[in-house]
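Chemist: Letter by letter, the chains look like this.
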Amino acid sequence: MKALRKYLDKIKPNFEKGGKYHWLWSTFEGLETFLFVPNTVTKSGAHIRDAVDMKRIMSTVIIATLPALFFGMWNVGYQHYLSLGETTGFWQNFIFGLQKILPVIIVSYVVGLGIEFYFAQIRGHEINEGYLVTGMLIPLILPPDIPLWIVAVAVAFSVIFGKEVFGGTGMNVVNPALLARAFLFFAYPGDMSGDKVWIADKADSYSGATPLGHALVGDFSHLASFKDMFMGYIPGSVGETSTLMILIGAAILLITGVASWRIMLSVFAGGYLMGLLFNLWGANEYMQIPAYYHLVMGGFAFGAVFMATDPVTSAQTNKGKYIYGLLIGMMAVLIRVFNPAYPEGMMLAILLFNVFAPLIDHYVIEANIKKRLKRVKAIVNS
Amino acid sequence: MSAETKEREPLFSQKNLKLVTKPLNLNNPITVQVLGICSALAVTAKLKPAIVMGISVMVVLAASNVVISLLRKGIPSRIRIIVQLVVIATMVILVDQVLKAFVYDISKQLSVFVGLIITNCIIMGRLEAFAMSNKPWPAFLDGIGNAAGYSLILIIVAFFRELFGSGTLFGLQVIPQSFYELGYKNNGLMILPPMALITLGVIIWVQRYKNRELIEK
Numbered sequence: 001m002k003a004l005r006k007y008l009d010k011i012k013p014n015f016e017k018g019g020k021y022h023w024l025w026s027t028f029e030g031l032e033t034f035l036f037v038p039n040t041v042t043k044s045g046a047h048i049r050d051a052v053d054m055k056r057i058m059s060t061v062i063i064a065t066l067p068a069l070f071f072g073m074w075n076v077g078y079q080h081y082l083s084l085g086e087t088t089g090f091w092q093n094f095i096f097g098l099q100k101i102l103p104v105i106i107v108s109y110v111v112g113l114g115i116e117f118y119f120a121q122i123r124g125h126e127i128n129e130g131y132l133v134t135g136m137l138i139p140l141i142l143p144p145d146i147p148l149w150i151v152a153v154a155v156a157f158s159v160i161f162g163k164e165v166f167g168g169t170g171m172n173v174v175n176p177a178l179l180a181r182a183f184l185f186f187a188y189p190g191d192m193s194g195d196k197v198w199i200a201d202k203a204d205s206y207s208g209a210t211p212l213g214h215a216l217v218g219d220f221s222h223l224a225s226f227k228d229m230f231m232g233y234i235p236g237s238v239g240e241t242s243t244l245m246i247l248i249g250a251a252i253l254l255i256t257g258v259a260s261w262r263i264m265l266s267v268f269a270g271g272y273l274m275g276l277l278f279n280l281w282g283a284n285e286y287m288q289i290p291a292y293y294h295l296v297m298g299g300f301a302f303g304a305v306f307m308a309t310d311p312v313t314s315a316q317t318n319k320g321k322y323i324y325g326l327l328i329g330m331m332a333v334l335i336r337v338f339n340p341a342y343p344e345g346m347m348l349a350i351l352l353f354n355v356f357a358p359l360i361d362h363y364v365i366e367a368n369i370k371k372r373l374k375r376v377k378a379i380v381n382s
Numbered sequence: 383m384s385a386e387t388k389e390r391e392p393l394f395s396q397k398n399l400k401l402v403t404k405p406l407n408l409n410n411p412i413t414v415q416v417l418g419i420c421s422a423l424a425v426t427a428k429l430k431p432a433i434v435m436g437i438s439v440m441v442v443l444a445a446s447n448v449v450i451s452l453l454r455k456g457i458p459s460r461i462r463i464i465v466q467l468v469v470i471a472t473m474v475i476l477v478d479q480v481l482k483a484f485v486y487d488i489s490k491q492l493s494v495f496v497g498l499i500i501t502n503c504i505i506m507g508r509l510e511a512f513a514m515s516n517k518p519w520p521a522f523l524d525g526i527g528n529a530a531g532y533s534l535i536l537i538i539v540a541f542f543r544e545l546f547g548s549g550t551l552f553g554l555q556v557i558p559q560s561f562y563e564l565g566y567k568n569n570g571l572m573i574l575p576p577m578a579l580i581t582l583g584v585i586i587w588v589q590r591y592k593n594r595e596l597i598e599k
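One line per chain: the protein sequences are L and W, in this order. The numbering of the first sequence is the working numbering, which starts it at 1 and goes up by one. The numbering of the second sequence is the working numbering, which starts it at 383 and goes up by one.
Only chain L is shown next, with the shape it has when bound in the complex (with noise of 0.2 Å):
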């Protein structure tokens, strides 16, 4: 560790103003800052201080994903070993699935860093953490069999598109890994949808619809047990079938106070919610699954809890919370049901209302104005 901090501090100079490389510092500097801990402070006034920065936040989430993504891992060897009939021991399944996910993991990263170092280098900015989280939900929401080079495409399509242009961390205007998401939703629906993509290498002869695929059809006698679904023993994207291990990561999220406990209460409530009123109308079979099928049923739970808390998307107000949280949640309902040509109703949801989140805070904002300005004239009046 010592040497490389000297060799560091050597070679600094090169990269600092009217250095050869000056025009790597952005990358020098990222670098740095990644290995060791910053020791430049303010120097002047007085300052809180606190071990929280960004890259802390991210740490703290990508391992709640871990859990997640653990399970995720073992369960796409089980499915794939599923289909095929064969009965296999944990690791088997495990390593099966490291070897189909890692890569996606890997050219997530890649691909997007790239394109971060790139903009932080041409604007002169310094390199951040933000791609560290969206790099890691992205391989998370995806199939296991998806092509490597349309996971490179679609994170391409969402750092450039929906992070870059609009300034970079913290400017996005919607959630960079639903974006990418979405884009391949839309631009690749057969690796995208359908019974065929959840099972990785599956035998032709296994149906491999996943809960929401088997709904859309209405095909609820083979809907999985609510346990099976809560624990994950299902089809479906890599992150998002084990209710469980999700609700780990929430844990995780909630008690290091990285993530709104206000979204994530709202976003189930305004799904269980929904699914009630669907139990009391009733017209179809859909309708009347139990309400808190919806809540374990596809990327109900992961969206709830990794996408939609997301704090640069989402509403800032407390108040704003609950109505953007509630509104999510009836929202993925109501598209699942209502619109089973979309299945996963809890991607769009996310992405609409994080459209919608500055107009909530706004008037929010406008609401506690006037409440406070009617309180103060009615102190004048009297």
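One should not assume that every hint holds.
To be verified - Stretch-level coverage of chain L by chain W, calculated; a stretch enters the list once three of its residues show a Cβ under 8 Å from a Cβ in chain W:
1) 137 to 151
2) 186 to 193
As the list claims (entries may be wrong) - Have a look at the derived ranges for each label pair, beta carbon to beta carbon:
3) Gly507(W) with Leu359(L): 29 to 39 Å
4) Leu352(L) with Gly583(W): 14 to 24 Å
5) Pro147(L) with Phe541(W): 22 to 32 Å
6) Ser560(W) with Pro189(L): 18 to 28 Å
7) Ile557(W) with Leu102(L): 22 to 32 Å
8) Tyr118(L) with Ile475(W): 44 to 54 Å
9) Gly583(W) with Glu366(L): 24 to 34 Å
10) Gly553(W) with Leu273(L): 43 to 53 Å
11) Asn593(W) with Phe356(L): 33 to 43 Å
Derived from the structure by calculation, the hints contain no laboratory data. Quick reminder that beta carbons are idealized off the backbone N, C-alpha and C, glycines included.
Based on the hints, put chain W in the right spot on chain L.
Modeler: Only chain W this time, still in chain L's reference frame:
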């Protein structure tokens, strides 16, 4: 009288040429004036309809520019919009009938958008801004120039959308079959209108990058 004719500038003077060339880049009706976006999004999924659309707009714009320029002294300013619309509508109906007669299938693809040339902001904009205060010949050149700028963007957008969306150009397959066998797939989003907007955005991006003075403050 005679003095005026002597001072008459040549047909393709520097100033007149500028009327044609400026809208191609620095004063492009789509990317700089941001007019006519709607039709640019709608007809650019394939190259052929985009080109036909470009030619139609060129005919309509040049012809109505000339007509309005000829009438400019006689049009009462209070009803000038209606007069302009009547002229544009006449031209559009003529173009529409010609398309229906000679290239019926493309006319069907362009469907309502030929009729909607009437409401294309570029045409009203040029009539108001240029033809109402200029002589017929410069007005004609202005019409050609602006329509060419419009068509240029349409063709660029359509080129990329058809290439990546369908793997074809003018309906002929250009992406070799071996690519598909290796696992390449056409991008379905390219055929949908949102991607036209994004492609257009990229063109605006590149153009602003090349010509810094176009960047809005």
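Chemist: Could you run down the list of hints and mark each one as holding or not?
Modeler: Tested hints:
Only when three residues or more bring their CB closer than 8 Å to a CB of chain W does the claim for the region 137 to 151 of chain L stand; here the count is 3, and the claim holds. For a cut-off of 8 Å, the count of residues in the region 186 to 193 of chain L with a CB near a CB of chain W stands at 6, and the three-residue condition holds. In this structure the hint that Gly507(W) and Leu359(L) lie 29 to 39 Å apart at CB holds, the actual value being about 31 Å. Hint check: Leu352(L) to Gly583(W), Cβ distance near 21 Å, so the stated range 14 to 24 Å holds.
In this structure the supplied range 22 to 32 Å holds for Pro147(L) paired with Phe541(W), their Cβ-Cβ distance being about 25 Å. Checked against the hint of 18 to 28 Å, the C-beta distance between Ser560(W) and Pro189(L) comes to roughly 23 Å, which is consistent with it. The given range of 22 to 32 Å is respected by Ile557(W) and Leu102(L), whose C-beta atoms sit roughly 30 Å from each other. Distance hint for Tyr118(L) and Ile475(W): a CB-CB separation of about 51 Å, consistent with the stated range 44 to 54 Å.
At about 31 Å, the CB distance of Gly583(W) to Glu366(L) agrees with the hint of 24 to 34 Å. Here the CB-CB span from Gly553(W) to Leu273(L) is close to 51 Å, well matched to the stated 43 to 53 Å. For Asn593(W) and Phe356(L), the hinted distance range of 33 to 43 Å is satisfied, since their beta carbons lie about 35 Å from each other.
In this structure, none of the earlier numbered hints is contradicted; all agree with it.
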